[in-house]
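Trainee: Generate coordinates for the entire structure from the input sequences, incorporating the hints supplied.
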Amino acid sequence: MSILAIDTSNETLGVAIHDGAKTIAAYIANSKTKHSKRLMPVINQLMQDANMTPQDLTRIVVAKGPGSYTGVRIGLSTAKMMAWTLQIPVIGISSLETLALHAITQPELICPFFDARRGLVYTGLYQRRDAHQAKLIKDEQNVLMEDWLYELRELNQSILFLSPDLALYRDLIQSILGEKAIFPMEPFHHPSPALLAVAGSERAEDPVHQLTPNYLRLVEAEAKWLAKQKEHSNE
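Its first residue numbered 1, the sequence shown is counted upward by one per residue in our numbering.
Hints are not guaranteed to be accurate.
Unchecked claim - Computed Cβ-Cβ distance ranges for the label pairs, DEER-style:
#1 Gln210 <-> Gln157: 34 to 44 Å
#2 Pro107 <-> Thr33: 34 to 44 Å
#3 Glu108 <-> Tyr150: 14 to 24 Å
#4 Tyr69 <-> Thr33: 17 to 27 Å
#5 Asn30 <-> Thr105: 16 to 26 Å
Claimed, not checked - Dumping the calculated PhoX-like pairs for lysine-lysine here, alpha-carbon to alpha-carbon at most 25 Å:
#6 Lys80 <-> Lys37
#7 Lys80 <-> Lys22
#8 Lys135 <-> Lys180
#9 Lys180 <-> Lys138
#10 Lys135 <-> Lys22
#11 Lys80 <-> Lys34
Simulated from the structure, these hints should not be mistaken for lab results.
All C-beta atoms, glycine included, are put in the ideal place defined by N, C-alpha and C.
Mentor: Following this line, the structure appears as structure tokens:
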């Protein structure tokens, strides 16, 4: 088994080649250079490092969002194009689930999130399913972080928070959840393409033409934000 994992859904570009048991080659970096310019050169370099050609791949796993609209499209279009050309399976996995995979060895609930600006976040709530999979227990959504935290507080359980944007919300999280909020060390706050590859190694493939981005569009969240802004302006 030779799996190519791709994650361009947020600022960090992650690519890995995995054989189902170990990582053969990997690249993780945060750069101002656009993912569209870096992705294929990185894939080609990793192929060279692993002494492989694209024809050696047996499946492709891609983070399908939420995150940057442009980034999500780049990763998905590249993964689908390669899978179609090589006639191999492609599997899309939520970018939030990809981040949650860092904590599946822990007993606590897992809350991955990405900043969506204006106090909004992309988030969901997970728990461990098995050694390589996370189980979604509260639907992914685009929501005001403050509202989400009060909802989580009702659970009265310890929750691990994972996010590259943790610094923006750490004080708010702590003020609402107190000691129930757990913050792992820095390396756990960035998605791992190697974990993405492992998670996709046992999943059923997605029909290539039906694999679509998971944008979590702003509908209810925007309405709530606009309503709050109107309330403040009338005070």
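Trainee: Identify every previously stated hint that the structure contradicts and give their numbers, smallest first.
Mentor: none
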